[in-house]
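Chains as they are written, first to last, in the numbering used here: chain A, 2 to 285; chain B, 167 to 268.
Calculated directly from the structure, the hints in this document are not laboratory data.
Idealized CB from N, CA, C, for every residue including glycine.
Hints should not be assumed to be uniformly reliable.
To be verified - Facing chain A, a subset of chain B residues (Cβ under 7 Å, in silico):
| id | residue |
| --- | --- |
| 1 | R192 |
| 2 | Y195 |
| 3 | S205 |
| 4 | G206 |
| 5 | Y209 |
| 6 | P210 |
| 7 | M213 |
| 8 | P234 |
| 9 | R236 |
As the list claims (entries may be wrong) - Pairwise CB distance ranges, derived in the manner of DEER restraints:
| id | chain 1 | residue 1 | chain 2 | residue 2 | range |
| --- | --- | --- | --- | --- | --- |
| 10 | B | Q251 | A | E24 | 35 to 41 Å |
| 11 | B | E190 | A | A41 | 20 to 26 Å |
| 12 | B | G232 | A | N27 | 19 to 25 Å |
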Amino acid sequence: MISRQPAFAAVIIRLAHAIMPPERRNWADAMAHEFEALEADHLGFALGCFTSAGVANFQTLGGVSRLIIFPALLGIFAMLFGLCKTAFETVRSNGGFEKWEYDYQRDFIALNSSSEVSALASSFLLIVTFLLLGNAAWQLLRALNKPADGPFLAKRLSSALSGVALLPIGTWACLALASQLLGSENGLYPILMFIVFSPIALPFTLVAIMANLSHRALMKSALWSALLYTIASALWITFTRDGRPWPSLSQLGVIHFLPTSIMFAVSVCGLGLMWLERRRTKEV
Amino acid sequence: MKRNRPLSKEARTLVQTLADTPLEWRYGYDLLKATGLKSGTLYPILMRLADRGLLEAKWLEAETLGRPQRHAYKLTPAGCSLAAQLTSASAPDEVILGGQPA
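Whenever a hint applies, use it, and build me the whole structure from the sequences.
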């Protein structure tokens, strides 16, 4: 019987090659060629190479990227941990999974000025989610493209796709936090929904760690994500209103436009910083 | 900015293995077997040593026809002197990784 291990290992080696930063591409070739000469333990070797490629990305990160990525990673893992913990505690205190009726519209409308702090917390987490995961998807597609920069269309499409993929995660994360912090009676459902969606987020997060995180890409994908988020929020409110009054401007501002505007601000500041950094490098 | 930090145990093993045959080009797989390191440990160390100018790398034609070229490694003179320092040092774990940049 032909072992499937080398075939699987070959896929991992190709992935390692794809995620290796361009300045280390020679080393990725070295690993791939060495793989051909192995006599045993193809999988172990391939996994090791994949790890090396991931480590190489961290080592080659620029200063601005490090400033953004590390808090972002911390934020996303803290969010996942916090929500999972809350969900399990809620399930235990509710005595099981029976009480799942949940009117998310009511909780959404119930947001008022007193809940601005909780909405701010949600907003921050949303920004982190969108920045990190949006970039991850883009980078993954870019990495899988053979040319270093990939075609223009693929870049735009992947940016857009990453934003769409993250909408349910971000929305449910926001609802879950809001309902928890507002003390909703049935805040369990959005949390569970978030946990359902978070497995989608985890691979993206891992790819973000492994992929070559360029801060320019990060900022651009944040801009795209913010745009998509605004459109999707508007559509969501329009189609789920169900005869109820429109949310007030302050409610909308806190829950929807605040994250978006912060994302825009972060992106613009980031792009400005990068421009300055590039100019300084040129001068040197 | 590169930091000058003490060599890890794994890096010391690798440097000493390479120093055993200073004139010979060694392949990655060969080094894995000789040092007992995993590829996930070996390659980052090789990259770091090369960045510091302690390791030289070049592509060699494969011995078997139809096989791809292989990347081979040997210590530079700076790498050899680091290996000598490791051998002579009373506390090898305090030897600093700080050769000349490549």
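- [ ] With respect to the beta-carbon atoms only, verify the hint that B/E190 and A/A41 lie 20 to 26 Å apart.
- [x] At roughly 23 Å between Cβ atoms, A/A41 and B/E190 fall inside 20 to 26 Å, so the hint holds.
Task: Outcome for the supplied range 19 to 25 Å, where the beta carbon pair is B/G232 and A/N27 - done: This hint holds: roughly 22 Å between Cβ atoms.
Open item on the list: Hint validation: B/R192 versus chain A, beta carbon distance must be below 7 Å. Holds or violated?
Closed with: 11 Å, violated
Open item on the list: Just to be careful: measuring from the Cβ of B/G206 to every Cβ in chain A, is the smallest value less than 7 Å?
Closed with: 3 Å, holds
Open item on the list: The hint names B/Y195 as touching chain A; please verify it with the least Cβ-Cβ distance against 7 Å.
Closed with: 6 Å, holds
- [ ] Report holds or violated for the interface hint on B/Y209, using the least CB-CB distance to chain A and a cut-off of 7 Å.
- [x] 4 Å, holds
TODO: Identify whether the interface hint at B/P210 stands, where standing means a beta carbon of chain A within less than 7 Å of its own.
DONE: For B/P210, the interface hint holds, since the closest Cβ of chain A sits about 5 Å away, which is under 7 Å.
Task: Minimum beta-carbon distance criterion (7 Å), B/R236 to chain A - done: 5 Å, holds
Open item on the list: Holds or violated: the hint that B/M213 contacts chain A, with Cβ atoms closer than 7 Å.
Closed with: 6 Å, holds
Task: Restraint satisfaction for B/S205 [CB to CB of chain A, less than 7 Å] - done: 3 Å, holds
Open item on the list: Verify the CB-CB distance for B/Q251 and A/E24 against the hinted window 35 to 41 Å.
Closed with: Taking Cβ atoms as reference, B/Q251 and A/E24 lie about 29 Å apart, which means the hint is violated.
- [ ] Verify the interface restraint on B/P234: the C-beta must sit less than 7 Å from at least one C-beta of chain A.
- [x] 4 Å, holds
When each numbered hint is compared with the structure, violations occur for hints 1, 10.
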